[in-house]
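**Q** Those protein sequences? They're chains A and B, same order as listed. Counting along the first sequence from 1, when you hit position 241 you're at 245 in this note's numbering, and nothing is skipped either side. Counting along the second sequence from 1, when you hit position 191 you're at 195 in this note's numbering, and nothing is skipped either side.
Bear in mind the hints are in silico, worked out from the structure with no lab data behind them. For clarity, every value in this text was computed on a predicted model and none was experimentally measured. One or more hints might be untrue.
[Stated by the list, open to error] Reference listing, derived: stretches of chain A covered by chain B, where coverage requires no fewer than 3 residues with Cβ under 8 Å from a Cβ of chain B:
| hint | stretch |
| --- | --- |
| 1 | 252-258 |
| 2 | 290-304 |
| 3 | 337-350 |
| 4 | 401-412 |
[Said to hold, decoys possible] Take a look, some chain B residues computed to stay more than 10 Å from chain A by CB distance:
| hint | residue |
| --- | --- |
| 5 | Ser46 |
| 6 | Arg70 |
| 7 | Gln105 |
| 8 | Ala249 |
| 9 | Pro369 |
| 10 | Ala411 |
Glycine included, each C-beta is placed from N, C-alpha and C at the ideal position.
2 protein chains.
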Amino acid sequence: MIRLDSTTPDFADAFTALVNARREADEDVARDVAAIIARVRSEGDAALADLTRRFDGHDPDASGWRIDSAACRAAFDALDPDLREALELAATRIRAYHEAQRPADSDTTDAQGIRLGARWRAVDAAGVYVPGGRAAYPSSVLMNAIPARVAGVERLVMVTPTPKGETNGLVLAAAHLAGVDEIWRVGGAQAVAALAYGTDRIAPVDVVTGPGNAWVAEAKRQLYGVVGIDMVAGPSEIVVVADGANDPEWIAADLLSQAEHDPTSQSILFTDDPAFADAVAQALEAQIETLATGRTARTSWDANGAIIRVPALADAMPLVDRLAPEHLELACDDPEALFGQVRHAGSVFLGRHTPEAVGDYVAGPNHVLPTGRRARFASGLSVLDYMKRTSFLALDADGLAAIGPAAVALAGAEGLPAHARSVALRLKR
Amino acid sequence: MIRLDSTTPDFADAFTALVNARREADEDVARDVAAIIARVRSEGDAALADLTRRFDGHDPDASGWRIDSAACRAAFDALDPDLREALELAATRIRAYHEAQRPADSDTTDAQGIRLGARWRAVDAAGVYVPGGRAAYPSSVLMNAIPARVAGVERLVMVTPTPKGETNGLVLAAAHLAGVDEIWRVGGAQAVAALAYGTDRIAPVDVVTGPGNAWVAEAKRQLYGVVGIDMVAGPSEIVVVADGANDPEWIAADLLSQAEHDPTSQSILFTDDPAFADAVAQALEAQIETLATGRTARTSWDANGAIIRVPALADAMPLVDRLAPEHLELACDDPEALFGQVRHAGSVFLGRHTPEAVGDYVAGPNHVLPTGRRARFASGLSVLDYMKRTSFLALDADGLAAIGPAAVALAGAEGLPAHARSVALRLKR
Numbered sequence: 005m006i007r008l009d010s011t012t013p014d015f016a017d018a019f020t021a022l023v024n025a026r027r028e029a030d031e032d033v034a035r036d037v038a039a040i041i042a043r044v045r046s047e048g049d050a051a052l053a054d055l056t057r058r059f060d061g062h063d064p065d066a067s068g069w070r071i072d073s074a075a076c077r078a079a080f081d082a083l084d085p086d087l088r089e090a091l092e093l094a095a096t097r098i099r100a101y102h103e104a105q106r107p108a109d110s111d112t113t114d115a116q117g118i119r120l121g122a123r124w125r126a127v128d129a130a131g132v133y134v135p136g137g138r139a140a141y142p143s144s145v146l147m148n149a150i151p152a153r154v155a156g157v158e159r160l161v162m163v164t165p166t167p168k169g170e171t172n173g174l175v176l177a178a179a180h181l182a183g184v185d186e187i188w189r190v191g192g193a194q195a196v197a198a199l200a201y202g203t204d205r206i207a208p209v210d211v212v213t214g215p216g217n218a219w220v221a222e223a224k225r226q227l228y229g230v231v232g233i234d235m236v237a238g239p240s241e242i243v244v245v246a247d248g249a250n251d252p253e254w255i256a257a258d259l260l261s262q263a264e265h266d267p268t269s270q271s272i273l274f275t276d277d278p279a280f281a282d283a284v285a286q287a288l289e290a291q292i293e294t295l296a297t298g299r300t301a302r303t304s305w306d307a308n309g310a311i312i313r314v315p316a317l318a319d320a321m322p323l324v325d326r327l328a329p330e331h332l333e334l335a336c337d338d339p340e341a342l343f344g345q346v347r348h349a350g351s352v353f354l355g356r357h358t359p360e361a362v363g364d365y366v367a368g369p370n371h372v373l374p375t376g377r378r379a380r381f382a383s384g385l386s387v388l389d390y391m392k393r394t395s396f397l398a399l400d401a402d403g404l405a406a407i408g409p410a411a412v413a414l415a416g417a418e419g420l421p422a423h424a425r426s427v428a429l430r431l432k433r
Numbered sequence: 005m006i007r008l009d010s011t012t013p014d015f016a017d018a019f020t021a022l023v024n025a026r027r028e029a030d031e032d033v034a035r036d037v038a039a040i041i042a043r044v045r046s047e048g049d050a051a052l053a054d055l056t057r058r059f060d061g062h063d064p065d066a067s068g069w070r071i072d073s074a075a076c077r078a079a080f081d082a083l084d085p086d087l088r089e090a091l092e093l094a095a096t097r098i099r100a101y102h103e104a105q106r107p108a109d110s111d112t113t114d115a116q117g118i119r120l121g122a123r124w125r126a127v128d129a130a131g132v133y134v135p136g137g138r139a140a141y142p143s144s145v146l147m148n149a150i151p152a153r154v155a156g157v158e159r160l161v162m163v164t165p166t167p168k169g170e171t172n173g174l175v176l177a178a179a180h181l182a183g184v185d186e187i188w189r190v191g192g193a194q195a196v197a198a199l200a201y202g203t204d205r206i207a208p209v210d211v212v213t214g215p216g217n218a219w220v221a222e223a224k225r226q227l228y229g230v231v232g233i234d235m236v237a238g239p240s241e242i243v244v245v246a247d248g249a250n251d252p253e254w255i256a257a258d259l260l261s262q263a264e265h266d267p268t269s270q271s272i273l274f275t276d277d278p279a280f281a282d283a284v285a286q287a288l289e290a291q292i293e294t295l296a297t298g299r300t301a302r303t304s305w306d307a308n309g310a311i312i313r314v315p316a317l318a319d320a321m322p323l324v325d326r327l328a329p330e331h332l333e334l335a336c337d338d339p340e341a342l343f344g345q346v347r348h349a350g351s352v353f354l355g356r357h358t359p360e361a362v363g364d365y366v367a368g369p370n371h372v373l374p375t376g377r378r379a380r381f382a383s384g385l386s387v388l389d390y391m392k393r394t395s396f397l398a399l400d401a402d403g404l405a406a407i408g409p410a411a412v413a414l415a416g417a418e419g420l421p422a423h424a425r426s427v428a429l430r431l432k433r
């Protein structure tokens, strides 16, 4: 963890270093991933089976390729009632938030009598990647699958590795609740390749979303264009802007809630109150000792954490924009005023009673958000990621007479005579 | 050109071959592009100057790095009045269509008193790539720059190669009209890398859009995630669905308007009338002889063209969906009925008086559209490509009391105790 003060002369350089620090794994996975994709593309299921045996220690030919819907229903029914209700509340709220995202079609006729519009349709099939092991989160299943269902995707496929054959009951329960149609017990770059190109067993999909390790992320990047993808995801991060009136325990917990995700996660606190900064740092040290995830949180906080003092909270906002954080908490009396200054953030949590974690699970907005400063240009996952727009145009002879000559002139100037002719021929009648 | 009949036994295989035919250049440019990007990233302007001398035969240090706004205005003023009016009509209509795309923010409070919403903002800076040489189209400048301006992008940068130092007056005029802020005389993968990472001269941008050759396309693909990009673009294509009541000359011109773009372009006609099919083929042969672009069109039509007979036009629609064409013309009396069946197409042109070329220039919808079957999951360029969404959330103590316990339960189940604690601590008060 570093402590910075925005009023010191060395701050500009130190902050720039913080902004530019690369936390993303620099593993050279591109070549491995390219080889895996090529193999799955040419050998199909045989390659998939072989790679699954090798990487997951699980033989799909022996123990099954799929998890059926009965198993998902059973996992859901077996949930502790509190947990089932929590999952249902989450699903209901996520669905409601995303239903409001459904885009409106347009269809207008202008003064020249020219009809113009755009029509949105869901993709036919979507694939959701769900990691195995530590990052197997039922909340991620809901956050990816529900927007696809709300979009109207007809075929919703999930792929998830089952290391040594083990499945995760919570993930299956979430898949049941979200209405996933097919679940395949494969993972890694090979699963993404199978979704993109299809195999004899697995029909191809049009869009692949969902979190994964460096291999999965690289596979999505390489297959972007063959299929649609949600985004290139990196380590998670939170920025908290808090005044001294906050309870330091609360803010310490918020910072740790990001740090516990992964050693590469980042938690940054901006405050105008040095005594509060000390109190948060102290509370964090005490809390970290009691966390089952303390070791991960410790590594993350030590390596990537920061507490930055600013003269006033408003002074933090231009700095926040440079970080373009995935998550931004504004813990003060008038968060709205600060929010008005924010240009780049994935999701913003306003006020003292809005911890980021409530947004991870049950609030409704998507928790799949742009990381690594990508909030400068990217948005969180939404219904739009599972839809596409078709524009359309209808002219009659009068409409073409009104604007056609301009098209002929421009086509001529661009040296495209067949373009010009296709319009000019129709102007004669 | 191939002729197919959907009622013959060998049709299924032949059509599948047509759908899967790879028209995209299989040049192995990935390694070259990676090397160029790495060099520009580490050496900046020096690499850019060197590569520009080598690939464009133009020394920016000697003849200038930039084209200033006075030169653009002069180019605009020097336009033939007809052409200037055509360009102005195009700009006005493109602007009007894209203004309607501006997304609405949301801000609602639900029954639990929880405030949820989303806010759209433009990216700070966008870069538009404009090819030099054959594909230097002023219409593309308008189609890329105007949506960025409508989105509210503050800094709009254009890069364009000036082979042997030559600039294109029409492109400069279009840049003036669209309100481009900076123009840099660089091109290729090196220009895209400069936009993404920035150099001493060129400040980095957040989004890069615009057409280009295989090197440019690959650079955008490799830099996706460092910046936002519009899409992975491939060779252009048109599908025309036409009955026998059309003038074969018109339809032949439409097919050629795509074929003249590039040898890899594709034009496909579906019709229910074999005599009409023959007439179109004959008209096309006659027209191609008179085209200045005839050689390109000939290569494209011979290699990639197709005329497909179907029993009724409605039978064509499932086949069209498999092609998911960039452009789709429905030239018949009731195009609406066929359009209702279309799931996958970039842009649709309805009726006999709506040639695709009118959409390329002046109608209003964007002409940057998904190619190579990507309309299954991708949309044409829009204002949204230059904007991003920030979701937000505000809870008070009562709201957190209502949904917080579910978050605590789920965080516990996912093994994330700091997440649970950050919510639980706030539930006590």
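**Q** Does each hint hold? Answer for all of them.
**A** Do the hints match the structure? See the list:
Residue count for the stretch 252-258 of chain A with a Cβ under 8 Å from a Cβ of chain B: 4. That meets the three needed, and the coverage hint holds. A count of 5 residues in the stretch 290-304 of chain A with a Cβ less than 8 Å from any Cβ of chain B is obtained; the coverage claim is therefore met, three being the minimum. For a cut-off of 8 Å, the count of residues in the stretch 337-350 of chain A with a CB near a CB of chain B stands at 7, and the three-residue condition holds. Counting residues of the stretch 401-412 of chain A whose CB falls under 8 Å from any CB of chain B gives 8; the rule of at least 3 is met.
Against the 10 Å criterion, B/Ser46 stays outside the reach of chain A, whose nearest CB is about 14 Å from its own CB. With a closest Cβ-Cβ approach of about 24 Å to chain A, B/Arg70 is found to remain outside the 10 Å limit, as its non-interface label requires. Look at B/Gln105: its CB is around 8 Å from the nearest CB on chain A, not clear of 10 Å, so calling it non-interface is violated. Distance to chain A confirms B/Ala249 as a non-interface residue, since its nearest Cβ pair spans about 13 Å, more than 10 Å.
At the 10 Å boundary, the C-beta of B/Pro369 falls inside the reach of chain A, the nearest C-beta of that chain being 4 Å off. Against chain A, the non-interface label of B/Ala411 is violated: not every CB pair exceeds 10 Å, the least being about 4 Å.
Checked against the numbered hints above, the structure violates hints 7, 9 and 10; every other hint is satisfied.
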